[in-house]
Amino acid sequence: MGDGVSNTAAVLRRRSLLAAAVGLAAVSVRPGRAGAADPPVPAVVEEGFVPLFNGTDMTGWVGNVTGYVPEADGKLVCSPGRGQGNLYTAREYANFVLRFEFRLTPGANNGLGIRAPLEGDAAYVGMELQILDDGAEVYRTVQPWQRHGSIYHVVAAKPGHQRPVGEWNEQEVVADGRHVTVTLNGTVIVDADLDAVKDPAILSKHPGLQRTKGHIGFLGHGSPLAFRKIRIKELP
Amino acid sequence: MRTRGIGVGRRQFLGAASAGLAAGGVWSGLPARAAVSPNEKLAIAAVGTGGMAAADLKNLAGEEIVAICDVDEKTLATAATLYPSAERYHDFRLMLELESGRIDAVLVATPDHVHATATMMALKMGKHVYCEKPLTWSVQEARTVAAAAERGLVTQMGIGVHATDNYRRVVELVRGGAVGPIREVVVWCNKAWGGDGRVHQPVPPPATLHWDLWLGPAAARDYAAGAYHPGQWRRWWAFGGGTLGDMACHLVDLPFWALELTLPESIAAEGPPPDPETAPTELSVTYRFPARGQLPPVTLTWHDGTRAPKEVAGHPVPAMGVMFVGETGSLFADYGSWKLLPADKFAGFVAPPQSIPKSVGHWQEWIDACKTGGPTTCDFAYSSRLTETVLLGNVAYRSGRTISWDAATGKPVGCPEAEPFLSREYRSGWTL
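Just so you know, the protein sequences line up as chains R and D, in that order. The C-terminal position of the first sequence is numbered 1367 in the numbering used here, with every residue numbered one higher than the one before it. The C-terminal position of the second sequence is numbered 428 in the numbering used here, with every residue numbered one higher than the one before it.
Simulated from the structure, these hints should not be mistaken for lab results. Do not take every clue at face value.
Said to hold, decoys possible - Computed footprint of chain D on chain R; a stretch qualifies when at least three of its residues, placed anywhere within it, have a C-beta under 8 Å from a C-beta of chain D: (1) 1191 to 1203; (2) 1312 to 1323; (3) 1355 to 1363.
To be verified - Simulated crosslink set (SDA-like; lysine to any residue; CA at most 20 Å straight-line): (4) D:Lys120 with R:Leu1366; (5) D:Lys120 with R:Arg1213; (6) D:Lys187 with D:Pro314; (7) D:Lys37 with R:Pro1295.
Backbone N, C-alpha and C fix where the C-beta goes; we use that ideal spot for every residue, glycine too.
Construct the entire structure; sequences and hints are all you get.
Right under this line is the structure:
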């Protein structure tokens, strides 16, 4: 560079093995930390529970298997535009304890189908437990039986137990004969005796209340939201 | 799923949002996060977490990193140890869909071929964007991204050297007339991000790499160990732009800034016969820029690989740098130094007073601007023109033609051979 005037300024899938691990991690009993993704955790499965979602692919599911996409850390993400319709377990379940976590987006709307057939409107020919961003302005005027956790149009859930949108929520659904309970973030928000439903209008609209078994499903494809740690223990 | 009887259907707002995205429109349906006050932290989602993304994240770590995305599970796991509270993803499209409601801004630091699709999705959602250089993989993408950024979003392309005191001093010297009017600039770098001639056997990708997502909008191809990921993709036209694509955004930035260049009117390139798959290991490009007001036309030449000169305008030079050749002398600059040449002529030279304000830092400029609405120095208006100029060198090389460039329309004049190299068709599921 010669001796020029200088200023050296101060600068300067085989995924199977891994999948198995993720799938197991996905059913860990470790409680979700609000608003945070869990760091990888040891594979601890609650006694008697098996994962419904393996964390990697859609094995065991039927229906809208393209609109629900496996994502990092065992998430199952519902992505509008990638598929239409509902997602159901291939198998039927009668009596069970179902546990899962969900994470909403603003205004998100989905639903958990239980004892549902694969055809028809699951809210009537089976049962739908509402999944809804209760806090969204657009849902301010919904009926009590439309709020999150409600047996849609049949039994209203106790409101006020969702975590803020963007944080993970833990939910447990117990369907044991005619007894259905929904526990959200540790609080029982539905405790229903289906035999106590006497309104003939409801009963005639909801033949699904009489079903003893059916598929478990996620009833929606229009809102982005995520599930994880979906696991089930069948009851006798 | 059921909102029947509510009066306001889900479709009315979320449906509109997803339809808008699918149609390439503006994502207007989701509730926007309220503007961030200077005392609040920005909520940032990161597309990419390794390589430059890791450095970018480190510089943004004072803000809130709420979500991170990487197609490589190992890289993502490493980032997760640094940002344990960030939600993790492999597919940035899903990340942005799910996190849109709680993020203000997006970092895009992926291989070049993914920049535009990620940036456009973020811009359409109304998010501020920091994107690594080059801003885009193609000329057409650069124009599209620049247009999308025109609606008050805060943007910055990642060329950190721009924020240095040294670049400021050089710009002051040039503009102060230290070497008189400048009609010639030479820029060089001896890196050689070209095809290495190796034959790559397709093998299954590692279990921890989401190869399909790595490919993103590019045409499907088999994975090959060591060929692309990590760190080799620049050699391939499908993913990068060779040495020019890697380094010219840093180095050509300096004459662009100092001489107020916008877009070239002609571009010619020289090198070995072009390979359809890989970039050359040596390339020369000659750009001609028109006069700008009182400033005369400029011929800017680029040389990389073994074509990097040992001597410029009669002065020995290091492996990488910029030489402004003026009427009354030459000004050499690199990232951290400058020299007026010949030395004896400039003995006793008194530099002009500093006139360009010191930068708060390249990343901090963007952070501050996101909060206050202030300017950034490498917004997409500026950096898209820089990127377009850089990429046109590869277009001229690959088409084998000297290109007359209509800067107003972004089209080559009378040069259909250039057209195939200005844009690409995206794979299904990927869009701008």
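Right, here's what the structure says about each hint:
Given as covered by chain D, the stretch 1191 to 1203 of chain R passes the check, having 3 residues with a CB less than 8 Å from a CB of that chain where 3 are the minimum. Check on the stretch 1312 to 1323 of chain R: 0 of its residues sit with their Cβ under 8 Å from a Cβ of chain D, so the three-residue criterion for coverage is violated. A count of 3 residues in the stretch 1355 to 1363 of chain R with a Cβ less than 8 Å from any Cβ of chain D is obtained; the coverage claim is therefore met, three being the minimum. About 48 Å separates the Cα atoms of Lys120 (chain D) and Leu1366 (chain R), which puts this hinted pair outside 20 Å; it is violated.
For the given pair, Lys120 (chain D) sits about 19 Å from Arg1213 (chain R) by alpha-carbon distance, which is consistent with the 20 Å threshold. Only pairs whose Cα atoms come within 20 Å are accepted, and Lys187 (chain D) paired with Pro314 (chain D) is accepted, the gap being roughly 12 Å. For the hint linking Lys37 (chain D) to Pro1295 (chain R), the alpha-carbon distance of about 18 Å falls within 20 Å, and the restraint holds.
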